[in-house]
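S.K.: As a plain string of letters, each chain reads:
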Amino acid sequence: MTLTQRLLHDHAARRIIRARPELAQVRDLSTVDGLTAVQQDAGDEDTAVVAVVRRFDLVSWVRGTVAFAAGLNRRRAQEWRRAFTRTVFLAGNPANLTTRFDFAHVAETGAMAWTAPASAAAHRPLRRLLRTFPGTRDLTLGGDVVIDLPGEPPAEPMRRVLHLAGSGLTVAGALVHLGHLLVEAVLDGAISPGDRLTVRQLPRLVGVPGPFDALRVGVDPADPDRLHALMSVSREAGDD
Amino acid sequence: MSSPQATGADAQATGADAQATGADARATGAEASVRDPAVPATGRPRVLLAPVTITPTKPLTPSHLKGLFWTDVALRASRPLAEVTHRSSHTAFDACEQTLGFWEYLDRTVGDVDYSGLSGDVIGELYMRFRAAGERAPFHACLPYLEAIERHGWVHPASARLLELWAGQYHRLGLHDPGLTAHQPPRIGLAEMIDRLRRLGMCLDLRADGGPVFLDATRDGIPLRQIIAADGRPNYLACALRDLLPLAPEHDEVVLLHDRDLEPDYLLLHRVLAGLGPRVHRITLGRVPIDGRVTSARHGGWQQHGAEALLDEFGDRHDPAALRLGLRLYFIAVLGPGDHDSFRPELLDRYLAKARRLLDAAPDAGWSAVRDGLDAHRGAGAAHVDPYRLTAGLLNRRRAAPARELLTEVYT
Numbered sequence: 357m358t359l360t361q362r363l364l365h366d367h368a369a370r371r372i373i374r375a376r377p378e379l380a381q382v383r384d385l386s387t388v389d390g391l392t393a394v395q396q397d398a399g400d401e402d403t404a405v406v407a408v409v410r411r412f413d414l415v416s417w418v419r420g421t422v423a424f425a426a427g428l429n430r431r432r433a434q435e436w437r438r439a440f441t442r443t444v445f446l447a448g449n450p451a452n453l454t455t456r457f458d459f460a461h462v463a464e465t466g467a468m469a470w471t472a473p474a475s476a477a478a479h480r481p482l483r484r485l486l487r488t489f490p491g492t493r494d495l496t497l498g499g500d501v502v503i504d505l506p507g508e509p510p511a512e513p514m515r516r517v518l519h520l521a522g523s524g525l526t527v528a529g530a531l532v533h534l535g536h537l538l539v540e541a542v543l544d545g546a547i548s549p550g551d552r553l554t555v556r557q558l559p560r561l562v563g564v565p566g567p568f569d570a571l572r573v574g575v576d577p578a579d580p581d582r583l584h585a586l587m588s589v590s591r592e593a594g595d596d
Numbered sequence: 011m012s013s014p015q016a017t018g019a020d021a022q023a024t025g026a027d028a029q030a031t032g033a034d035a036r037a038t039g040a041e042a043s044v045r046d047p048a049v050p051a052t053g054r055p056r057v058l059l060a061p062v063t064i065t066p067t068k069p070l071t072p073s074h075l076k077g078l079f080w081t082d083v084a085l086r087a088s089r090p091l092a093e094v095t096h097r098s099s100h101t102a103f104d105a106c107e108q109t110l111g112f113w114e115y116l117d118r119t120v121g122d123v124d125y126s127g128l129s130g131d132v133i134g135e136l137y138m139r140f141r142a143a144g145e146r147a148p149f150h151a152c153l154p155y156l157e158a159i160e161r162h163g164w165v166h167p168a169s170a171r172l173l174e175l176w177a178g179q180y181h182r183l184g185l186h187d188p189g190l191t192a193h194q195p196p197r198i199g200l201a202e203m204i205d206r207l208r209r210l211g212m213c214l215d216l217r218a219d220g221g222p223v224f225l226d227a228t229r230d231g232i233p234l235r236q237i238i239a240a241d242g243r244p245n246y247l248a249c250a251l252r253d254l255l256p257l258a259p260e261h262d263e264v265v266l267l268h269d270r271d272l273e274p275d276y277l278l279l280h281r282v283l284a285g286l287g288p289r290v291h292r293i294t295l296g297r298v299p300i301d302g303r304v305t306s307a308r309h310g311g312w313q314q315h316g317a318e319a320l321l322d323e324f325g326d327r328h329d330p331a332a333l334r335l336g337l338r339l340y341f342i343a344v345l346g347p348g349d350h351d352s353f354r355p356e357l358l359d360r361y362l363a364k365a366r367r368l369l370d371a372a373p374d375a376g377w378s379a380v381r382d383g384l385d386a387h388r389g390a391g392a393a394h395v396d397p398y399r400l401t402a403g404l405l406n407r408r409r410a411a412p413a414r415e416l417l418t419e420v421y422t
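Note that the protein sequences, when read in sequence, are chains A and B. Position 193 (the first sequence) corresponds to 549 in the numbering used here; numbering is contiguous. Position 337 (the second sequence) corresponds to 347 in the numbering used here; numbering is contiguous.
Just chain B, same shape as in the assembly (with noise of 0.2 angstroms):
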């Protein structure tokens, strides 16, 4: 006896509990014994920094800027050892559905507006009032908005104009631009990623019986993850693997940098992108706490201490390279890798005042010796440079004032 609409309805599989350790270093052998693992026999290590991408969609935040203050340090610091390609790609990342459904939203409930005066404060009100809506479009809504971008490289003009406005933003607060207004797309479309997923044996697709696309690494003890939803939606995860898949083989190291609560995924393609030769390593930062609370953006959280608050704020009582350098100094060394300790202006604004000190005590140490401390500053076999120990040994009174040459090459 059984109800004939039963469909097995129990197997209701618990969330994920997708914890993985991924071993950093994972070069050994006797060659290694005698050489450094990270540095190739012949060349300069080549390195991709891929950080998480902003999908444009709200002002920065400060925990945005502090993901972007870590990326910025590990780049420039980078740099002077390895050949290091900095992949932030918004044209890979405004097919997932959170930057999708926004366009989508805008198009029906506002309509045809001049974006281009906008302030990002706005803009960001509309994102808040999408997310509060708790709306999510039926998928053959956004499809329109999906085939331009993969046609014509097109952006909707709500998040043209924040990037046009993060644009200038970087520039004032010395962040290398990745191409935030440049057409980026990835080199593979999904057919091909989930092909190359597949020859991997991590791809579990349940298209023709009329289900999602999971990636599979459940033969390492973590559960399914879905990156394309039934009705062919992709997700944040499936953007990031079609954008890195056919760029992670052409370098000798990938560093991924990510919030703490992407932990899950980012183990995820840590594992793949480690599948397909690289070493990969893993920057996980802990979101700001604003009074006490770690919020999403979706809620707001750049009024008072966003990017342009704060350039408003500061932009005038400092000049540029204390503002640049004592930025870093805050978001990178005094704030950590945790999220323990709420954003505090008059504490940043102590930092700005040091970071004048340390800039005007700054000696000429020559190149060779600030490269060589650059090296000395690179994590057990990886190339890159660890961002935090690099900038919190700026702060050890103990040592030596930071030379000039390595102030201007990394941190103004």
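Chain A with its partners taken away, still in its complex shape (with noise of 0.2 angstroms):
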């Protein structure tokens, strides 16, 4: 199994489907507009996370996102779900907000912290002491980045690959799309705390081998009417 756009398609309209039953039934998702309109029709639930940021780190984002997707309760996974998993990524020092804010999870490094979902309403203060992260620097791995999710790990735990498609991806884009992917991937079962997660960029995610446990898909910048993925998870060879 490799990557096509119907794929793509199937991909991006199970995701709909999962968090908004109901908006699936009025649009036509088997055009990328459809699936497009969908994501504007969502902007009725506010319910969003905020995540702080003091300094971009792969390995400490990875691990805080999955060790904060993993305590969420399921009532308030499913309302964020509803507002597909959105999350507001702002400039911050955590450690300076702790005494005034609630945090469902800091990342271990204390560089990151996570709210839990809540209305816009309820983020208010937080955002007005802070500012969007930037993130405007080209994200470049260099090479293959081994991380062991937390959590406790099964008796064997699952070898993934995360790719992710490095062409023009930035920091800013990928605490996005990382964001949603992992997240989901939690909420869904597909990755598990304790899992080693080897993460490789590529220019392209084309020929990467499936089946795939995650993918994260947008309209491809060269042609709105194609999809593209921009980061995916799978089994990695061997690992049955």
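No lab work stands behind these hints, which were simulated from the structure alone. Do not take every clue at face value.
To be verified - Chain B side only, calculated, beta carbon under 8 angstroms to chain A, not exhaustive:
(1) Ala147
(2) Leu216
(3) Gly231
Bear in mind that the values here come from a model prediction, so they are computed numbers and not experimental data. We put the beta carbon where it would ideally sit given N, CA and C, even for glycine.
Two chains, two separate frames, one set of hints: put the complex together.
M.R.: This is the structure:
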């Protein structure tokens, strides 16, 4: 199995049906326009998570995101899902904020923190203090990054590969897309605490072998009628 | 489903609502009940008087003069009681983008000309043209200017000319010159400033991720404030921090004097400096409206009532001592700290005349009585003299006529 437009389309449609089945019924999900329109429709749900970032560090970010998602209660996770796991990334130092604000999770390094999903009004005091995290530099990994996900590992932890399409990916872009991908993969049980994740950066994901446990799909900047894969999670070869 | 361009750009934090209270007199405890906390156990208190530094890009307006007279009276009235350092370094603030941008604009649009004979008005017109153009040169175009300041203490000849003119005006107005034309670099560089803020837990440095540097007082509920842009451009607050961070710990008290519209930044500065040990006081002044309108110097405002115009209009009709005292009476006691009253030349003229009468009637009181009088005009828990209380007291008819020694020491 490899990436095709059909496969990308099915993944995108499945994501919508899982989060907002009622919206899926009123749009034609067989077209890119229909898929994109659902995103606009979902603006009625203002539940969001605020992620506070002092400094981007891939390992800490991935481990923290997985630990945060794994710790969410089912009801809150469901509300957040209805807003397509909308996340606002703000620049700030969690150490200066923990006395005034409750965070659902703070990264082990202290460089990042996540609030529980809540309404825009509930987040207003925190957003008033902080600014959008800029993250304009390109993300370049240099080589594979192996990350042991937090949590009690099962007897035989799964080894997975997380592929990133590196062409033009900024730190801000990585925060957004990696955040959605990891959180939804944890909520779907597609990755588990204790798994070992190898993050690998390629120019494009074309030719990456499936099957895919998770996919992050976007509109191809080169053609608005075409989809492309931004990130994927699959099992490492030989880890069956 | 998501656009690959999505960056979470909806995360626009709202504007600053930086209202913080700064406890002025922080010294408490048993010791304070038996001893004035503003006076150290040994020796005289050390006071750092640091008014906002006017960028040498335009002539001095009435609003500028107001700040200068308040500073001058605070300085001269406090000196008999404390070791006062008057810090107003142009070298430290030339690096801010307002000045660097003006210099870059001049060299790009005016070119190599002789500024040494130009009037302040002509240079001010160029500054208005620069601001009206609304251009913001890329930082790499300003960088050679920043390097020239850092390496050679270089000052653009347009600003050097203005500072030369100001020095002459300061002399005629009896203002203490804090070193207008002297090279007074801050003791630390930007990197050291950032490092010191970090040690205070008040720095959010996003440069590694392609972002700016923020002053971070969020633990006190104050929004992040950018001090260095993503391209490396320092702003006015960064210059102030770089100048004052190394000086503040060497003083028992820091007095900041600033325009009211800079209050959010000065509240932050207050908080940072207080964290280094000294008591910090702020003197906040409203600008002087002209015909009911408060405008920034970028729109002019010096042509009719600037320092040069006032000296031309009143300098010949009033003797130097009356001019100096009268201007201080008007800009401090009459206009007060607010911004309600428009500038009124005819009212100023009356106070210049009144100044002559006060000087003529001033009795010899003896220096020790004057010193005690100054001591009574210190603010609560402060080592410096409050310029408003002292000067307004000169106009109080129920009080004895002000002493000759006081007027000579502080006002003329």
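S.K.: Run every hint past the structure and note whether it holds.
M.R.: Verification of the hints:
Checking B/Ala147 against chain A by beta carbon gives a least distance of about 20 angstroms; that is not within 8 angstroms, so the hint is violated. The beta carbon of B/Leu216 comes within 6 angstroms of a beta carbon in chain A, closer than 8 angstroms, and the hint placing it at the interface holds. Satisfaction of the interface hint for B/Gly231 is found here, the shortest Cβ-Cβ separation to chain A being roughly 7 angstroms, below the 8 angstroms cut-off.
Checked against the numbered hints above, the structure violates only hint 1.
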